[in-house]
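*Asks:* Sequence:
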Amino acid sequence: MGEKDGKKLALNASRDFVFSVLALIIYNGVLQLIVYPGLNAGMGADAFGTVLYLISVISIMGAGFGTAASYSRMMAKKDRTQENGDYNLFLIMIAGVSVVVSLISLLLLDRLFLGNYIQLLLLMIITVVRYYADVEYRMTIRFVDYFLFFCSVSVGYCIGLAFYKSLGGISVRIPFIGNWSFALFLGEFFGIIYTIIRGKIFRPPFFRLSASFRENIRSVWLISASNLISALILNSDRILLRLMVGAREVTVFYTASLIGKIVAMLTTPLNGIIISYFTNYKIKLSKKIFTLIGAGMTVLSVFGALVCTVVSMLFVKMMYPDVFEQAKDYFFMANLGQILYFISGSLMVIVLSFTKEKLQLIINIFYVVVFFLIVIPLTYVWNLKGMAVGLIIVNFERLAFTAVLGIRNIRKEK
1 MGEKDGKKLA LNASRDFVFS VLALIIYNGV LQLIVYPGLN AGMGADAFGT
51 VLYLISVISI MGAGFGTAAS YSRMMAKKDR TQENGDYNLF LIMIAGVSVV
101 VSLISLLLLD RLFLGNYIQL LLLMIITVVR YYADVEYRMT IRFVDYFLFF
151 CSVSVGYCIG LAFYKSLGGI SVRIPFIGNW SFALFLGEFF GIIYTIIRGK
201 IFRPPFFRLS ASFRENIRSV WLISASNLIS ALILNSDRIL LRLMVGAREV
251 TVFYTASLIG KIVAMLTTPL NGIIISYFTN YKIKLSKKIF TLIGAGMTVL
301 SVFGALVCTV VSMLFVKMMY PDVFEQAKDY FFMANLGQIL YFISGSLMVI
351 VLSFTKEKLQ LIINIFYVVV FFLIVIPLTY VWNLKGMAVG LIIVNFERLA
401 FTAVLGIRNI RKEK
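Just so you know, my numbering puts 130 at position 130 of the sequence shown, and the rest follows in order with no gaps.
Simulated from the structure, these hints should not be mistaken for laboratory data.
Do not take every clue at face value.
Quick list of the computed label-pair ranges, beta carbon to beta carbon [claimed, not checked]:
1. Ile365 to Gly42: 39 to 49 Å
2. Leu243 to Leu167: 23 to 33 Å
3. Gly42 to Thr81: 42 to 52 Å
4. Leu243 to Ala211: 43 to 53 Å
5. Lys288 to Val311: 32 to 42 Å
6. Ser14 to Thr298: 23 to 33 Å
7. Leu243 to Val369: 16 to 26 Å
8. Pro37 to Ile293: 28 to 38 Å
9. Pro205 to Val311: 42 to 52 Å
10. Val381 to Ile293: 29 to 39 Å
11. Val302 to Arg214: 43 to 53 Å
12. Phe113 to Ser166: 22 to 32 Å
13. Val97 to Ala211: 24 to 34 Å
Taking lysine-lysine and the BS3-like style, the derived pairs with C-alpha atoms no more than 25 Å apart in a straight line are [claimed, not checked]:
14. Lys385 to Lys261
15. Lys358 to Lys77
16. Lys356 to Lys288
Glycine included, C-beta positions come from ideal geometry on N, C-alpha and C.
Please take these sequences and the hints and turn them into a complete structure.
*Replies:* Encoded structure:
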């Protein structure tokens, strides 16, 4: 790659990163500043803790399977043939999985009613599809459309929240439209409609399979297994605290780590750009550069947590005053755990771009073993404090383990 081509590539990547960050700021800004506080104000901290638990289950399915299909298709574009049918068939399989996951999620809460079940199932299925949909823009490096895609989702959330507030809140007298799930459903629906209009992945032929169908399905299941572990750990605070401690504690820890989640999620567009450019251009990394990236990410995590602690003091007191006193003691620890998680995820995406999908699964299997050995016992003994300390430990170990494997694989590639 010549100097002129390198400068052009850097300029394009910088522009795309800006649009990706703007997309994420709008998307998460609407969720964290408008939708979630609106739901919390309407139903209270206890009920909102239960809603956060259900949202976490949905997010695990979306990030686990939808993002896996997206990343797998990006990898297929680089190395194999691929058709819409390869991934549409996979999404149909996951709709079947969602039937079971929705059932179990409500059974654990002892709240299995037909109306609740149908609403949760529909929201789960459409969320998985929406998570997959962004491959349309990353595969073709169209980050302006990526930005407008997330704007569409955000507009849908706002309209859905307006329905929630005006047509019944948490009341079951107005099925679905008057329920919290409709606020989120409408956002996901708007994003899919935008992709149908602007893209090709949801257009016919719907079920034509490529010559690489078997390889693509194997790839997407491998990445799904890895992503499910990763997403499960990311949402573990809400799920474990709801099942082991209580609903209000879910809201407390969520608000304590909220700014860290928002800031750390800036890595999501960065991850998308990394894999887009690494799969479309032949970009090489040296051992020295990769090591410096890992060290820089560690320092950035601590600095980011300090900044997030200061911002949390102001934000949580203003947006969630009912839980501020309980949450403030956990601001630094909870934010550091979140940032370490996302930063290590970015390093993993870099590693994934020059290794096989199997390595990502190995990293996350290591991660889940360490998680069960450390976080669950600490949460059982120390409740919120145990969760905060445990997440810092396991996320730092994930970062270190990813760095070590990345360095080894760079050596092998040479």
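*Asks:* A separate judgement is required for each hint: does it hold in the structure or not?
*Replies:* Hint check results:
Taking 39 to 49 Å as the suggested C-beta distance range, the pair Ile365 and Gly42 conforms, at roughly 40 Å. Range check, Leu243 to Leu167: Cβ separation about 31 Å, and the 23 to 33 Å hint holds. Judged by the Cβ atoms, the range 42 to 52 Å given for Gly42 and Thr81 holds: they are separated by roughly 49 Å. Checked against the given bound of 43 to 53 Å, the beta carbons of Leu243 and Ala211, roughly 45 Å apart, stay inside it.
Lys288 and Val311 have their C-beta atoms about 34 Å apart, which keeps the hinted 32 to 42 Å range intact. Between Ser14 and Thr298 the C-beta distance comes to about 24 Å, which sits within the given range of 23 to 33 Å. The supplied range of 16 to 26 Å is met by Leu243 and Val369, whose beta-carbon atoms lie about 20 Å from each other. A hinted range of 28 to 38 Å holds for the C-beta pair Pro37 and Ile293, which are about 36 Å apart.
Between Pro205 and Val311 the beta carbon distance is about 49 Å. The supplied range of 42 to 52 Å therefore holds. At about 36 Å, the beta-carbon gap between Val381 and Ile293 stays in the expected band of 29 to 39 Å. Judged by the Cβ atoms, the range 43 to 53 Å given for Val302 and Arg214 holds: they are separated by roughly 45 Å. In this structure the hint that Phe113 and Ser166 lie 22 to 32 Å apart at CB holds, the actual value being about 24 Å.
Distance hint check for Val97 and Ala211: the Cβ-Cβ separation is about 26 Å, which falls inside the suggested range of 24 to 34 Å. Distance hint between Lys385 and Lys261 is fulfilled; the C-alpha atoms sit about 18 Å from each other, no more than 25 Å. Between Lys358 and Lys77, the direct Cα distance comes to roughly 18 Å. Compliance with the 25 Å bound is thereby established for this hinted pair. Using a Cα cut-off of 25 Å, the hinted pair Lys356 and Lys288 holds, with the two alpha carbons roughly 21 Å apart.
Checked against the numbered hints listed earlier, the structure breaks none of them; every hint is satisfied.
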